[in-house]
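*Asks:* Here is what each chain is made of, one letter per residue.
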Amino acid sequence: MEIFRLEATSRTPEVELNPEQGTLTMIGESYPEDIRTYYEPITVALEQFAATQPSDLKITIKLTYFNSGSARALMELLDAIDEAAQDKFNAELNWYCDPDDDITQEFVEDIAADLSAVKLQILDLDPNDLV
Amino acid sequence: MDRNEFDRFYEFSDWVAKDKFVLSYSGYVSEDILYAVGQTLRQRLAGHMDNPAKIKNVFSIFVELMQNLIRYADEGPQPEDEEGEKPSFGIVMISDNGNGGMDMMAGNYVSPEEAASLSQRVNEISDLDADELRSLYKTKLRQPTEVQSKGGSIGLIEIARRASTPPTCATYDAEDGLKFFMIKVTV
Chain G
1 MEIFRLEATS RTPEVELNPE QGTLTMIGES YPEDIRTYYE PITVALEQFA ATQPSDLKIT
61 IKLTYFNSGS ARALMELLDA IDEAAQDKFN AELNWYCDPD DDITQEFVED IAADLSAVKL
121 QILDLDPNDL V
Chain R
1 MDRNEFDRFY EFSDWVAKDK FVLSYSGYVS EDILYAVGQT LRQRLAGHMD NPAKIKNVFS
61 IFVELMQNLI RYADEGPQPE DEEGEKPSFG IVMISDNGNG GMDMMAGNYV SPEEAASLSQ
121 RVNEISDLDA DELRSLYKTK LRQPTEVQSK GGSIGLIEIA RRASTPPTCA TYDAEDGLKF
181 FMIKVTV
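Taken in order, these protein sequences are the chains called G and R. Counting along the first sequence from 1, when you hit position 113 you're at 113 in the working numbering, and nothing is skipped either side. Counting along the second sequence from 1, when you hit position 67 you're at 67 in the working numbering, and nothing is skipped either side.
Don't read these hints as lab results, they were simulated from the structure. In this text, a Cβ means the ideal position worked out from N, Cα and C, and glycines have one as well. Fair warning: there could be bad hints in the mix.
Some chain G residues near chain R, calculated using beta-carbon distances under 7 Å [stated by the list, open to error]: (1) Y31; (2) E33; (3) I35; (4) E47; (5) Q48; (6) N67; (7) R72; (8) M75; (9) D100; (10) E106; (11) E109.
Below are the EDC-like pairs computed for lysine to aspartate or glutamate, each with C-alpha atoms no more than 20 Å apart in a straight line [claimed, not checked]: (12) R:K18 - R:D96; (13) G:K58 - G:D114; (14) R:K138 - G:D82; (15) R:K138 - G:E109; (16) R:K138 - G:E106.
Far from chain G by the CB rule (all over 10 Å, computed), these chain R residues [what the hints assert, rightly or not]: (17) D14; (18) V16; (19) K20; (20) Y35; (21) T40; (22) S95; (23) E114; (24) S119; (25) L141.
Sequences and hints are given; from them, build the entire structure.
*Replies:* Set out below in structure tokens:
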């Protein structure tokens, strides 16, 4: 499987799934015009990745802003990873959150409570360090 | 243009062109408009607020308000397009409330049934405390989108969670049996 990559746009994050390294990163902002069209290819790429019988997946999320539609899409994406990872591969998620943004922090905590295979860690996002 | 039209236009600009009006937009709403006006809003907020958390809340609420308009504000006096569909039409206004915060308002034409349903939803959400809103948000996220009723429930909860006081709304009678629905949110 080749590297799956979406370049950042003004309304969507940079996304990279590197199957060799077993990494998925999402960096930027997410409020796409059409949520389904944007997130669907990421879900498909992750399904392909899971089918390669990987041993590890390290996910890094650094989103400075995402809208409520993206919140749902992110939840569904992580649910799908959580299901695929069950007894199959190790999945770790480092989610960098704006420490001033209580609503996003709570959303990520609520997501974490529903994940069983993915180990989620909430870290502080430095808005000046988005590279 | 006769004198009266200049008078009316001046009254209008006297209202909206003051500095305390951080931003106002009225007209057709689309994703392109959301993006363009949103970028302008971010620049304007940087000059009006020094609290990054509040700036983020204002921007987030703006996006949810605009997306609700784009999806649901397809009633009103605006003409139909070639396909017989009415483009979404609405108004948003963001003003400095003088207490270090922003008042945000959005309005659009709706059917009387939709007006009643929207008002009910805003009033229900206004009665909830922060923990109840958080738990409702999570419940709604887990519901399939098609189960949710019109009006963007998730968006409305997001708005209520990011507001500093409960959102309020009002409905006025408009022409052609329609209602003009308005929501006010303070950050």
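*Asks:* All the hints need checking, so say for each whether the structure fits it.
*Replies:* We went through each hint and held it up to the structure:
1. Checking Y31 (chain G) against chain R: minimum C-beta separation of about 6 Å stays under 7 Å; hint holds.
2. The restraint placing E33 (chain G) at the interface with chain R holds, with a minimum CB-CB distance near 4 Å, inside the 7 Å limit.
3. For the restraint placing I35 (chain G) at the interface with chain R, the shortest Cβ-Cβ distance is roughly 9 Å, beyond the 7 Å limit, so the hint is violated.
4. Because the smallest distance between the Cβ of E47 (chain G) and any Cβ of chain R comes to about 20 Å, over 7 Å, the interface hint for this residue is violated.
5. The beta carbon of Q48 (chain G) comes no nearer than 25 Å to any beta carbon in chain R, farther than 7 Å, and the hint placing it at the interface is violated.
6. For N67 (chain G), the interface hint holds, the least distance from its beta-carbon to any beta-carbon of chain R being 5 Å, beneath 7 Å.
7. For the restraint placing R72 (chain G) at the interface with chain R, the shortest Cβ-Cβ distance is roughly 5 Å, inside the 7 Å limit, so the hint holds.
8. Proximity of M75 (chain G) to chain R holds as hinted, the smallest CB-CB distance being about 6 Å (cut-off 7 Å).
9. Interface restraint check for D100 (chain G): the shortest CB-CB distance to chain R comes to about 4 Å, inside 7 Å, so the restraint holds.
10. With 7 Å as the threshold, the beta carbon of E106 (chain G) comes within range of chain R, its nearest partner Cβ sitting at about 6 Å, so the hint holds.
11. Given hint, E109 (chain G) at the interface with chain R, is violated; its Cβ is 9 Å from that chain's nearest Cβ, farther than 7 Å.
12. The hinted pair formed by K18 (chain R) and D96 (chain R) meets the criterion: a straight-line CA distance of about 10 Å does not exceed 20 Å.
13. Proximity of K58 (chain G) to D114 (chain G) is assessed by CA-CA distance (about 18 Å); at most 20 Å being required, the pair is judged to hold.
14. Between K138 (chain R) and D82 (chain G) the alpha-carbon distance is near 18 Å, which keeps this suggested pair within the 20 Å criterion.
15. Distance restraint check for K138 (chain R) and E109 (chain G): the Cα-Cα separation of roughly 11 Å lies within the 20 Å cut-off, and the hinted pair is therefore satisfied.
16. Between K138 (chain R) and E106 (chain G) the alpha-carbon distance is near 10 Å, which keeps this suggested pair within the 20 Å criterion.
17. Distance to chain G confirms D14 (chain R) as a non-interface residue, since its nearest Cβ pair spans about 34 Å, more than 10 Å.
18. Every C-beta of chain G lies more than 10 Å from that of V16 (chain R), the closest at about 26 Å, which supports listing it as non-interface.
19. The non-interface label for K20 (chain R) is consistent with chain G: the shortest C-beta to C-beta separation is roughly 25 Å, beyond 10 Å.
20. Here Y35 (chain R) does not stay apart from chain G, with its beta-carbon only about 6 Å from theirs, under the 10 Å limit.
21. Non-interface call for T40 (chain R) relative to chain G: holds, since the shortest CB-CB distance, roughly 13 Å, exceeds 10 Å.
22. Against chain G, the non-interface label of S95 (chain R) holds: every CB pair exceeds 10 Å, the least being about 22 Å.
23. For E114 (chain R), the condition that its CB be more than 10 Å from all CB atoms of chain G holds, with the nearest at approximately 20 Å.
24. The beta carbon of S119 (chain R) is kept farther than 10 Å from every beta carbon of chain G, the shortest such distance being approximately 21 Å.
25. Against chain G, the non-interface label of L141 (chain R) is violated: not every CB pair exceeds 10 Å, the least being about 5 Å.
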